[in-house]
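All chains, full assembly: derive it from the sequences and hints.
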Amino acid sequence: MDQAADTIERPTRSDYGHAGRKASSGARRSSLYLACSFAISLATVGAIIEANRRYAPEMYRSDYMETVAEAFESGQHYAVFDLNINIRKLREEQWKRLEGKPDVVVLGASQWQEASANLMPNRHYLNGHVHRDYYEDVLGMVELLVRYDKLPKDLVITIRDRLFTPVSQRTDFLWLPTIPYFQAMAKRLSLPQHRLADTYPLQRPRELLSLPMLLNNAARWHNAKDRPFPTSRHSHAELDVLHPDGSITWSDKHHALFTQERARKLAIAHADANKNKPVMIDPRGVEAVDRLLSYLAVRGVRVHLAHPPFNPIFYDRIRDTPFMAGLRQVEAVTRELAAKHKLGLAGSFDPEALGCSADMFIDAEHSNARCLKNLLADVANSIDLPMVPIAADAPVATASAAYHSRQVLVASGWMANESPTPGETVDRAEAPLSAVTVNAAAVANTGDEPALPRQERADSLDVEVATRAAETEDETNGALPNKASDDDDTLSAADSANVADEGLPNSSMASASSTKSREAVTSHRAEQRKASATARRHARHRSGKPHRVQPRAASATGQIWPGDSAPRRR
Amino acid sequence: MVFHSFQFILVFLPLTYAGYLVARSMAGRKGAFRFLVAASLLFYAQWSAAFATILMLSVLGNYRLGNLILEQGEKRERARMLLLGGIGLNVLALGYFKYSNFLIDIANGLTSAGISHIHLLLPVGISFYTFVQIGYLVEAYNGSVVKPAFEKYALFAAFFPCVTAGPLVLQREMLEQMDEERQSASDAQSLAVGLTMFGIGLFKKVVLADSIGPYADAVFNGAGAGAGLNAVTAWLGAVSYALQLYFDFSGYSDMALGLGLMFGLKLPLNFDSPFKATSISDFWRRWHMTMTRFFTTYIYTPLAMRGMRSAGARNAGRIERFILTGGIPALVTFIVAGIWHGAGWSFVVYGLIHGTAIAANLAWREARLPALPPALGWLLTMAVVVSGLVVFRAPTLELSGSILAHMWLPFLNFASASSAIVALDERMALATIVLLGTIVLLMPNSQQILHRHWVSSDAMPESARVAAGLVSWRPSLALSVGFAAAFSFALASIGAGTTFVYYQF
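Keeping their order, the protein sequence lines are chains Z and W. The first sequence: position 336 = 336 (our numbering), numbered continuously. The second sequence: position 63 = 63 (our numbering), numbered continuously.
Since no wrong hints were added, every one of them can be taken at face value.
The calculated SDA-like cross-link candidates involving lysine to any residue, where the alpha carbons are at most 20 Å apart (straight line), are:
1. Lys147/W - Leu70/W
2. Lys277/Z - His119/W
3. Lys265/Z - Ala225/W
4. Lys277/Z - His117/W
5. Lys277/Z - Leu120/W
Over 10 Å on every C-beta distance to chain Z, these chain W residues come out as not near it, computed from the model:
6. Leu13
7. Tyr63
8. Gly114
9. Leu121
10. Arg293
11. Ile299
12. Ser310
13. Val336
14. Pro374
15. Leu397
16. Ile449
Here are the simulated distance ranges between beta carbons:
17. Ala49/W - Glu287/Z: 19 to 27 Å
18. Trp408/W - Trp221/Z: 45 to 53 Å
19. His255/Z - Ser116/W: 43 to 51 Å
20. Ala39/Z - Ala18/W: 17 to 25 Å
21. Arg328/Z - Ile118/W: 24 to 32 Å
Hints are computed from structural coordinates only; laboratory data are not their basis. Ideal Cβ placement from N, Cα and C applies to all residues, glycine included.
What follows is the structure in structure tokens.
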């Protein structure tokens, strides 16, 4: 064999002698070697892929998303090792099975992940966040809503900092599974399709092929006490829990990790890593969202554009940096879109503007339910009240001030008296910025009194929903989404009200002129909650049922309906 | 797109190979070369279309210049002017992309002019394809080549296995193979040997180099960020980097050789177990061999010849003769080689260290001093190599000075800027160094393992057969199992975002 192999140097096909025969033998051996190598490599690689699929099915098996969606359909939650699942596919499977049309759907990135239905209790609310979304996700998720006839009355489209990043500048890959949905919507909107070479989802196969990933997945699988499973429990000690409303609850293990010091360090590191990176805006992305908004308007969907807040530590650290300049550009684009389509604007990149403090964040940009409540409050205000378009050509500072003023006005109820009726739109020319700011000043002088009726209504709603949730949970043994389970920490209603009142930044940020009336409202709410909780406890005592409290989110925040929020702006 | 990426291994390579076979069967070798030129440009354009345009302009310009030089025949002065003009243009283009900001820094330092840096992206491999083509112009001037067909020249200058980081091929060694009627081995044999060589390179890169790289990064980046060092961490970092660079670059070179072989073109060797060298001259005969050959041929030898003439003319004494014929050429050659690697004083110092060491080695031999015992020679050589690579890797001279001081003067009590020591798992780092050190010192190298089917355009030394010992490859069932296991392991270990260290040069 060695001799034969040595002839590789100079085989001559024309030579029918000894050398030629040896060359032919060498070629045959080489072919055999190649065939064996190929077959064994293929088998080894296949084994690695299969093992990865076995040890992390929620990550790598698209059919597994059907299992998760089926669990949701039956009212259960789903506990997973890792939240970085193919959430886009899950959305499709879930929405396909959804009964009825939702009232409100939130589209955005993982900043929304903790925003549960409890934050918008009187609506059929769906959290449609996907990890690290880009504009293709916005179009893709709307395509799913259209495809399965689930377009809501109100749709929140979140414009995050990197939403319009050009495809060529992206370094992550989680968005790639959305491409089929995006292409379908792009076709509906007569937009150009993305090239296959730019959007082929290579990263998933790459992960599937990864030996280090396999070792991690196998170790996690074998060391875990519990493996991914459908559950009636709202939370889990070691696994993160996905809920049917689209939100998530971190595991207790994760919660223990989320210290303020860790969040501070992550926020600083993220700021330092990003502050000099410009935020790139792809005009094609803006055009795509623009056309989508027109498409939705024709179908009667009321769209609200929202900016998610950053951790204040991060936000302070990026002031006067290229990144901040980029955020301003994104804000300008958002304002332009809002003005063109006469849409409501909600939220802000500036956490202070939303009343979100550093202790509400787990890192640079992911906030907890307390902050998200404030963000949803803005949205809810837009839903209840007519929208105020901001002039697209307004200078950033002016527009921002006007926008902030609007928040004050909305929170104080002024808009209800002065604006057109819900559903009507305001022409830009009819709502000049100067008028808005003047009225804001006028309201600031009059205090919060006009808001009282709204707050009272919201308060009673709050109690009613909490009661309903607790009672339903008793009936269904905690199977409904986002309801407190047996293991939930059991703050009493009165406690939760106190916690909320002490902890909410809204309270501390309230203006001096509104303090008195807000105190009255807070006191009134606390009284109502106490009474309601006492009534429930008595009822349970009589029925022999165990003591239950409000849903977790409500307990943690105290306030559910945004109408009871105090002014959040400086 | 790098060689150790799924895009390359699973998409580009199979498609290119299939296209090559089809093109060859339909249009012969010429058609195959044209196809390979197109594939090479496509491969290169994956970085940037602008870079590919620069490469094409460089190839077209140098091809035209080379032909002009060849056409001059006996008009030597005109040919010489064309050669100098061609070299000047190439160096100017390289200098613009690579050295503009370095020169601006120097100008600012000298004049306080405050000139702003130019925002430039360095085209991948520009140092390599520029020097390869300068070599062609010189060979054209020397009359050692005949006018090649354009597709052959373009393939020589832009062949995708070597366009990004070498080996620095000579025009004659490529064209001779291209001129052959048929390739020397069957497709199956070439593919089997080439793939095996590629697999060895892939394993070196993604399994060995990338596993020790983090330890080097921890020390250099940590110290750069202000963390404290001690002698142990400094040594671990320095040796880790030396091993990382070797496995990274020799892995790349093995892959390039394997790829070349698959497409019927043998490339020159770049590495020959450099860490087994027992003198610094020996080291440079084994480390980045094509670069050493280039600089020896085009800088060291002409300088030494000139020095010899000068020494002869002035009847110089022994020491002066050595300085003119060995010392100065060695220093100049290695300083140029250092600057070729990158723009910065670190690279100048790196060249200076090696130039001085080579000059000392030549002086030792010139003085006819007794040869050092191999172990002592090895220790001295490695001391220079590892120290030089500290300067090569550290982003600033201050940092390299600090690391070297911790390595060589551990008894001094250094005041550290920070109380925190660089975060390094010293035990794991040491274990990895021992493992990889054993491989480089005791195992045969890639071409020795494949000595039965010599993979390079260089002649096979007789020692290769002996060095291989029992680890000798041949196309057998047992070895196919071993190869497939190693290849799959490497394929499954490909990490995201790592590139070849030499791509930055």
